[in-house]
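Here the protein sequences come in this chain order: A and B.
Its first residue numbered 13, the first sequence is counted upward by one per residue in this note's numbering.
Its first residue numbered 21, the second sequence is counted upward by one per residue in this note's numbering.
Keep in mind that the hints were calculated from the coordinates and are not lab data.
Watch out, some of these pointers could steer you wrong.
Claimed, not checked - Computed from the model, here is a short list of chain A residues facing chain B with C-beta under 10 Å:
(1) 27
(2) 77
(3) 85
(4) 137
(5) 181
Said to hold, decoys possible - Derived, one-sided and incomplete: chain A residues facing chain B with beta-carbon distance under 7 Å:
(6) 70
(7) 72
(8) 121
(9) 128
(10) 140
A quick note: this is a predicted structure, and the numbers were derived from the prediction, not measured.
All C-beta atoms, glycine included, are put in the ideal place defined by N, C-alpha and C.
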Amino acid sequence: MTTVRAGYADATLGGIALGMVLLASFLVAGRGIGASGAFAALAGPVASAAAPGAIGAAPALGVRLPTRFEPWNDWIVLQLLGVVVGAIVSARRAGRWRAATNDRAPGRISRAVAGGALMGLGARLAWGCTSGLALSGGALLSTGAWLFIPLAFGTAIIVTALARDGRLEGSP
Amino acid sequence: MSLDSLHPAVTAIPIGIAFGVILERTGLGDPRVIAGQLTGRDFTVVRVMFGAIVTAMLGVVWASTAGVVDAAAIALPPTDVPAQALGAVIFGGGFALAALCPGTACVAAASGRRDGLAAVGGLFAGTALTPVAWPVVRGVVADAPREGATLARDLGVPLGVVVVLLTIAAVLAMVAGRLMERRSLAHSAWRPTTPESVALALAAAFALADSRGLVTGTQADAIAQEIVAEADHVDALDLAQWIRDGTPGLRVLDLREHLDTSTYLIPGAQPIALEDLDSLRVAHGDRLVLYSDGGAHAAQAWVLLRVRGIRDALVLKDGMAAWEDEVLSPMHPAVPDDTARARFAKARELALWFGGFPRLVPVDAPPGGTRPRRRRTC
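Just chain B, with the same shape it has in the complex (with noise of 0.2 Å):
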């Protein structure tokens, strides 16, 4: 049993009370404690926002090491930077003016604050406005924010470089602004706390095991035993069956070179080159289908995704030539035992489902050779 199967409350209602308690217990619906920290007396804001980034951002790490979550299926904000930079300085005078923000003004209208009301009010209004400021704002606005930008990814530097050096900065601001609270108090307070030590400790070694290699080693090598074990191959019938039964989060991707308009594409398949892959956006509980020609390209792209994390995954075995042979034009088996002749009768049905026409009598083979036609394989 899925979690994608189940109504979107079954986890949207749980995590937004755990979130609203959060939020109103640290004292993030009061406006007072927000101008508090934006005016440098108070550093609740730091405080929580950085250590949930810290404890959310290790867990993710440690959680994706261990196999337990594929990162890349987890919906990543897309970056545009000048609309976002833009967005952000829009935004920020807007936090200033209501010493709230979207969240925290509802946990304030939820408190009874009526300056919190009137924020979410304000809120609604200025997003169902934005068509009208549209034309002013629009010229910074990318067409097509770019997916899947990361910094590890575009500064160029390890995650576990990125991971460690997060962590020190947070866990900085974090005593900082314990120190900044009560100057005059506690002798001892520059020390980190307990868990602020065990957030360096945790980002240290993720650091460590990532630079090692022991990380990607144990991926290479459950990789590898996977290939092993063809749990990455799905047969021309399967996946002819899974298409039509409208399988919920498949999709097929066409890796082929050369495609024109007037190329025949397993049907709902979207091409893709291999080189536009690694901007691939995956969605949580998508299955990806891949094909090409013989097998070597959806297998080299197959690769690439499990690189990237992505685990639901597979290649249609033999590729195109499997799908012309086994679900346009299936052949009726030549020694017809029980089970060819179940086989035959699913491709049969598939076939016609497809608008392929099976072959049934093996009448007509030609001299010197028989089909099926030899393939490339991976």
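Isolated chain A (complex conformation) (with noise of 0.2 Å):
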């Protein structure tokens, strides 16, 4: 049984980083961090200008998919885009830029783009994906955080058994 982990830091160690780094959030932001609201953020403007009225029609849509384009007010943007610049600075650093070779199969980018897709929805009903909903929400006890990490990962499980990707095994 071999592990994939190469390279890359101690995951404890990690999770607690990671935990400060939230905690810092809450007591600064008065929020946590996330992922999924920015692509919200981006992403609820373009479809009301592709059709005006449809998200506006349905309340509970409304309130899950900004119609407004302000980006640059826009907490969880910003976080974002940091988040961009702080892996794009690390993976240069850690000699990890564009050091993947099993990113480019034809099957493997239709299962991204695919998931992806899958996840920008669930991610509106959920009212969070990972970060948002399961880290912060979690770590706040949150009663539909809890209901959603045992879900998501239970139906993760089940669908990696059930289509396995072979690109994605064995060590780097």
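Put the complex together from the two separate chains, hints included.
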């Protein structure tokens, strides 16, 4: 039984560091960290421009998908911009920039697109994703977050077992 | 200088950078690591996620006990069980296919991975196409999700118990993860590592403090001190000034009973019943001002909010009666010294601004009694 981790930092220490960052966000910004909310802030106005009125017609949709485009004032969009900057710097310094060799196969790309699209819809329905709902809401003991964690991971484990992706196995 | 007055980028960008660096360093931007977790070969996801949840949870409960933060003022995701259950299943399917989640897809793309970029494109498309899929899924979605739903409240269990059980479960998951990863190595790996032990100790200490009333005891004492010091009150004239100046975050709550549409409310006030107060959502930086007729309901609401950990709440001194007497129809002082004159000048200006009628000359004092009327006080 081999593990795939090679050259990556210790997961427990990484988890504690991430917890400290999340705590800092709670204390100084009054909110947790996230990701799918930024996609909503950017894609919502596009959807609204493409089909005016469709979002406003369903109130439960309107509260999930913003129609105003104001990314420079949106905390979560700016935070995700920070994530991208941090990841680029970190990957370059660790020699991992464009180092992957298993990311180009057509099957891999189409699975990533389909998976991303499903996650986009699922996160809107669920009020967040693995970052904003599971991680941040989980730390605040939100009922919805603790419902999401077992259901999302349980489904993912079952789907992975049914549709195993051979390109993602083995050590780096 | 409050952080709330700064541009959101000041906190958002550094926090985002740290988040991105940690995800990249721990390998979560690598779909092999996530696929490894979903097939049981690698436990990085469980260890990072539960390590972070326990650290941040213990940080919040202790910071809140120490009075550093109002836990109730931190934005909590809402709860809508059917919508979140369906969302979680759809999300889980996508998570398995992409072997990336929204945050880690961005990290993968930022590491130059093409599948990461493809997942980011898919996320954007899936989010933008949500209105198309909405007619299919809308049946399970509540019109308004439940705000403020937490495990402790929904299960009716003390917070300390939830904190301890969750910490134990998370530490067990992390230890199990370590064992599964290096099955043939390390003889004593079942023992909690130092950080895991620290987390267990902090959780146990919090539960002990919580159950023995140390936490709530200090709180009750602190609340009593504030009441004695009248730090919980605001003058009607000061409130009028705040409303006129458009003070950011100001929220005025009307707790009077039997309000109907013809009742006069203080401009901008939001009517709320005492029994609905529990579900009131308070944002970071909100300053609540409560009023009722005399002040008894407002004062009771203040205590309820204060116990919830909301600190920036004030009671309008002498309630609606004070608003009518001091703001809407202030009376010219009977003995006009300088302070009284200055106060009346301010009141007169505010009365005109709020559409009231300042009583300029106190000539028509009715026989047998003078205003201001007698008020009930809290």
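Handout entry: Hints breached by this structure
Key = Nothing - there is no hint that the structure violates, so all of them hold.
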